[in-house]
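Line by line, the protein sequences give chains A and B. The first sequence begins at 1 in the numbering used here and counts up by one. The second sequence begins at 1 in the numbering used here and counts up by one.
Hints are computed from structural coordinates only; laboratory data are not their basis. Hints may contain errors.
[Claimed, not checked] In silico DSBU-like links for lysine-lysine, alpha-carbon gap of 35 Å or less:
{"hint": "1", "chain 1": "A", "residue 1": "Lys158", "chain 2": "A", "residue 2": "Lys112"}
{"hint": "2", "chain 1": "B", "residue 1": "Lys113", "chain 2": "A", "residue 2": "Lys330"}
{"hint": "3", "chain 1": "A", "residue 1": "Lys158", "chain 2": "A", "residue 2": "Lys223"}
{"hint": "4", "chain 1": "A", "residue 1": "Lys112", "chain 2": "A", "residue 2": "Lys223"}
{"hint": "5", "chain 1": "B", "residue 1": "Lys79", "chain 2": "A", "residue 2": "Lys325"}
{"hint": "6", "chain 1": "B", "residue 1": "Lys79", "chain 2": "B", "residue 2": "Lys113"}
{"hint": "7", "chain 1": "A", "residue 1": "Lys223", "chain 2": "B", "residue 2": "Lys113"}
{"hint": "8", "chain 1": "B", "residue 1": "Lys113", "chain 2": "A", "residue 2": "Lys158"}
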Amino acid sequence: MKMRNAIVVGISWVALAASSVVMPALGASPNLLADSIAEIVERIRFPQELPDRVRAAEDLATFGEAAVPVLRELLQSDDPSVRDAACLSLGRMGPQGQDAVADLTQIAGNSKDPLQEMAVYALRGIGEPATPAASVLGELVFGENARLSALAMQTLGKMGPGAAPVLARLLEHSDPEIRLGAVCALERLGPTAAGVAPALVRAMSDTDRSVGESAALALAAQKMNSAETLTDLLDHDSVTTRRRAAMAISQETAVVEQSAPALSDALEDPDSVVRYWAARALGAPNKATPHTIQNLIMALNDQDADVRWQAAASLARVNAVDEAKASLSKLLQDPNPMVRAQAERILSQRPAG
Amino acid sequence: MLKHCAQTICVVVILGGALYFGQAGAPTNPAAEVASEDFFNPSWAVARHANDSLVEFMQSPSYVEFTDALTQVNHTREKLMQTAASGAGDSEAAAQEYRAAVQRLQAALERVKERVAPGELSMLVHDSAYQARMEMNDGEGSVPPFAWELGPHAQELTP
């Protein structure tokens, strides 16, 4: 009996507590909300102990956009600690802090403001709605403060398509980490990042391998917008660019279809890595034409073992084992054991009849 | 007081639930998972989190050459350490064998790197082993980690 009473009391407490936490967010009465916010703001202005200010800032963040007007006021306070708490609160709030973006951007752009870094932190927390701050953040990335530069770069990585021109500019940064960050952010934006293809093409020949390869992938992530550009790059003078283009195309099925004729030609590229990636790309399901299949069959005779191995895998993937049976059977005598094993596996999996 | 107690219970329940359910669906870190495995054992290369094409790649000529080369490095390294420890046998010949194995491994790793997409390599190659190979590739400035273990012989083995 005692146990049952205890459970009932416990459940009641949980329900009560949940309502006190959830109500503000669900729209409690305006007066109650204002009282609660005012109470927490007092804790920010006059904390009993320093940690209480941080707790109050976090509490205020749970009120979401209802707390933004008062937080914007706190950003104008004469007390740096109060402004610091306001930034913390806005950063914790996430996208609901959107209305404070202009205020935070102003602080972030002022190198003399001691709250500069905290403002960037808050913008990072707000995420995509903070996109209007992109230009200021771009300047900070180019600044001399390495810590602030890295934080600003992280923040830009969370932004929307509006940040694309700034990210494209960062591809010229001297630090490869920053260039990589910018490329990855552009890849995340995908086709929404308009007008950045030329910068990404330039970045494809970056001396840093990760940056160059990721730039190729970012270009492919633009899907049909970049298909023609990537296809043209399969003919580029630089072998590195051709390799990266073929690799990136192979990762994006939508691009493979448009690039198929050029990929077939790339199976005859003088570089074995380009031929390997072309063979892999042509294994995209439902994209094979009789011409493609014929070229893949020819690639089974390539001098490079990886190309032969990959061509066999791609033929199996596009269900062209019947057409390739004679050539695949020859691979059973291939000097490379892994190629022989590949041919054996594919021929044994071929449906009877 | 009641309100504070209730809030505490609520926070505990919500956090507990979030932790419990969050854990169930949380993505695992491949690097952390393989971290406890033997540094020089090629079995770390089992890419449990890899996509289909990457799993398939593990049967490719270049990847199999890479694992063979790694095994050979381990073998020649062990032989060299034994020769150095016992003082018996031709340590210069063992060192040459080891250097040749390292060079073969570097070439094999380069081939693998050219044939996997960015992001796939870390799934395929144990991070620390990869880092070790990269240090060897630098050619100067740092001693390869497995040469460190050779103590006085480290210098002569630095590529």
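Give me the numbers of the hints this structure contradicts, sorted from smallest to largest.
Numbers 4, 5, in rising order.
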